[in-house]
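Just so you know, the protein sequences line up as chains A and B, in that order.
Numbering-wise, the first sequence is residues 1 to 171 according to the UniProt record's numbering.
Numbering-wise, the second sequence is residues 1 to 463 according to the UniProt record's numbering.
One thing to keep in mind: the hints can contain errors.
[Said to hold, decoys possible] Derived, one-sided and incomplete: chain B residues facing chain A with beta-carbon distance under 7 Å:
1. 18
2. 22
3. 25
4. 26
5. 29
6. 32
7. 37
[Stated by the list, open to error] From chain A, some residues computed to sit far from chain B (all C-beta separations above 12 Å):
8. 115
9. 143
10. 144
11. 145
12. 148
Read the hints as simulated data drawn from the structure, not as lab findings.
Just so it is clear, CB atoms sit at the ideal spot from N, CA and C, and this is done for glycine as well.
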Amino acid sequence: MRRSGEWEQAYLEFAEARSRQLYRSACLLTGGDTHLAEDLVQETLGRMYLVWGRVARIGNPAGYAQTVLVRSYLAHARRRSSGEQPSAVLPDGPGWSEGDTSLRLTLLDALKGLSAKDRAVVVLRYWEDRSIEETADVMHVSSAAVRTRSTRALARLRELLGGGIGEYAGR
Amino acid sequence: MSYEDEFGEALRRTGEEFSTDQRALVEGGHERGRRMVRRRRATVFGGAAAVVALGVTSAVVLPGIGGDPLQSASPAGSAESAQGADGSEKGKAVRDGESADSEKDTREGGPAGGHVRAEQLIATLKSLMPKGQFSEETGLGTESGAIPHAKVVFDDGKGKAAVGIGFNRLSKAEVQSGLVKDMTTCPDENLVPYDACEVSTLSDGSRLMTFKGYEHSSDKGGTKFWQAVLASPDGHAIDVGERNAPAEKGSAVTRPEPPLSMAQLKDILTSEKWDAVFAAPRVEGTAKPGSEGADAGKDGSGKADPGRTDPGKGGTAGNDAPATPDGQAVRSTLLALLPAGVKVTAQGGDGEYAYVVVDDGNGASMIQINVQPNMDDVRGELFAGAEELPDGTVYSWRESDGDKGVAGTVMWTADTLRPDGLRVVVSAFNSGTQHDAPSRKTPALTEEQLKAIATSAKWAELQ
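All chains should be built: construct the whole structure from the sequences, respecting the hints.
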């Protein structure tokens, strides 16, 4: 039994501990749209606050938050009546750190070529290391649908990225 | 390395390059959370527009912190016990079978100085509904200082269904924060699956949302929950809700759909008969524990409740009333309720939390307690299938290994939730602290003794 007075502090500690990972997930989900990513993370942390007392008791709030993030992203994508608008120019801004620019641009560009759901599958499977079943659960779809999307997305990425991905991975 | 592995590695490298001002993220998220809590509290029936349902766990999100009269629909005679601690009639809840026959009193404000009593609210609600059988009538009047509401179980011959209505006066700050729009905006369908949701603006500028969804479920299925919310630009909000079951939890679905159509719900909401509710004088500082408005300082830390941004200024009925039990009072009450013959060797706590360490001669045993008002929202999660005591309190007993990972720890917990939302949970350990090795085989108090503490009438007197 947690003392109720610690509730808020525990939430803030959780949010501070998880915000980096959530932000990175969001950046991948949005194909590098750091402003949207920030918005999604704040929405996720807000929803975590709403359910905090119960999630903390249920266990694995980190996994729960990741699920909230992905669903928030999918909800956002669905709301956009214009659908996906792949952009040739990647957004730039404070969200970027110095690093391997070429890999980042290449990969994000390729991710942006995927549909929102395919991108969510890819991020869940290969960034968050979720199983097919877990991914299906997060996305409210069947395992078979996840397999199909996963295979299709990888094929598409391979097409977009060419054979060059190994160079990055091998560095 | 397979292509999958190569891609995974490249994705990780890419993702790890992103960084931002985490503090701003946390602050922004925290503020949004506070806003969501505030928004959800605004409707008595849980606020479909703000309910977030996720499939990760069952019943993750429960109705508003303010409590859900439908959810707490309880058997006759076990309705809210908002009666004043002094035994007065102030804030008296109506129970099934009591007089509820004076519709005109509602319009005239009744005999209680402009107040609209619970039985009047119930009578008016019934008068606006189709013909049928009514039972389990409960409510809370404007004089209570809490959020006034009425609920009934209605049967038009096709099955019993819970129907309830609640009234909320939003504070100026809440109106300015956009709460009127928030509470009448359809939820995100990906997060809250529903069958239908519409928003319209009435001629006087009020917003009306009608919502056909489901109870607590991330997927469509189970008990249906239909709701209409009407909010005026100046912050008068009414919400009416219905289910296709006589209660939110613990009762089977009795009919395919709730009994009233959206048009009927709208007619109920827009009736002029409710004007008296908003015209009633505001009651300061009289909310009782568990009443909908009495949720300030719920975290027991002395700070404002997470949902409150404007403590002390909230105009919502009852919001000004502190409901946090006093720390010293919780501890002294716990001490008074301990069985004779145990020696208290340490004590502490603050806010709604207190603990004592007792020794009956066989080793130290810590007893801790939380006295938490407004906990109706965990009813489904923590008390599903729990034993219901004669007064309507639900009682749950748990034996666990403790929650601090100390080997050999035994933790016994008597958890209770009263009809008015007051949760009293008492735990006993077989050690003097949660972090020490066990000092004895079992805690010093028995289940019966812990249950007696948790169900004591004294806790209701603390508020």
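Hint by hint, here is what the structure shows:
no.: 1; hint: 18; verdict: holds, 4 Å
no.: 2; hint: 22; verdict: holds, 5 Å
no.: 3; hint: 25; verdict: holds, 5 Å
no.: 4; hint: 26; verdict: holds, 4 Å
no.: 5; hint: 29; verdict: holds, 2 Å
no.: 6; hint: 32; verdict: holds, 3 Å
no.: 7; hint: 37; verdict: holds, 6 Å
no.: 8; hint: 115; verdict: holds, 15 Å
no.: 9; hint: 143; verdict: holds, 15 Å
no.: 10; hint: 144; verdict: holds, 18 Å
no.: 11; hint: 145; verdict: holds, 15 Å
no.: 12; hint: 148; verdict: holds, 15 Å
In the structure shown, no violation is registered for any of the earlier numbered hints.
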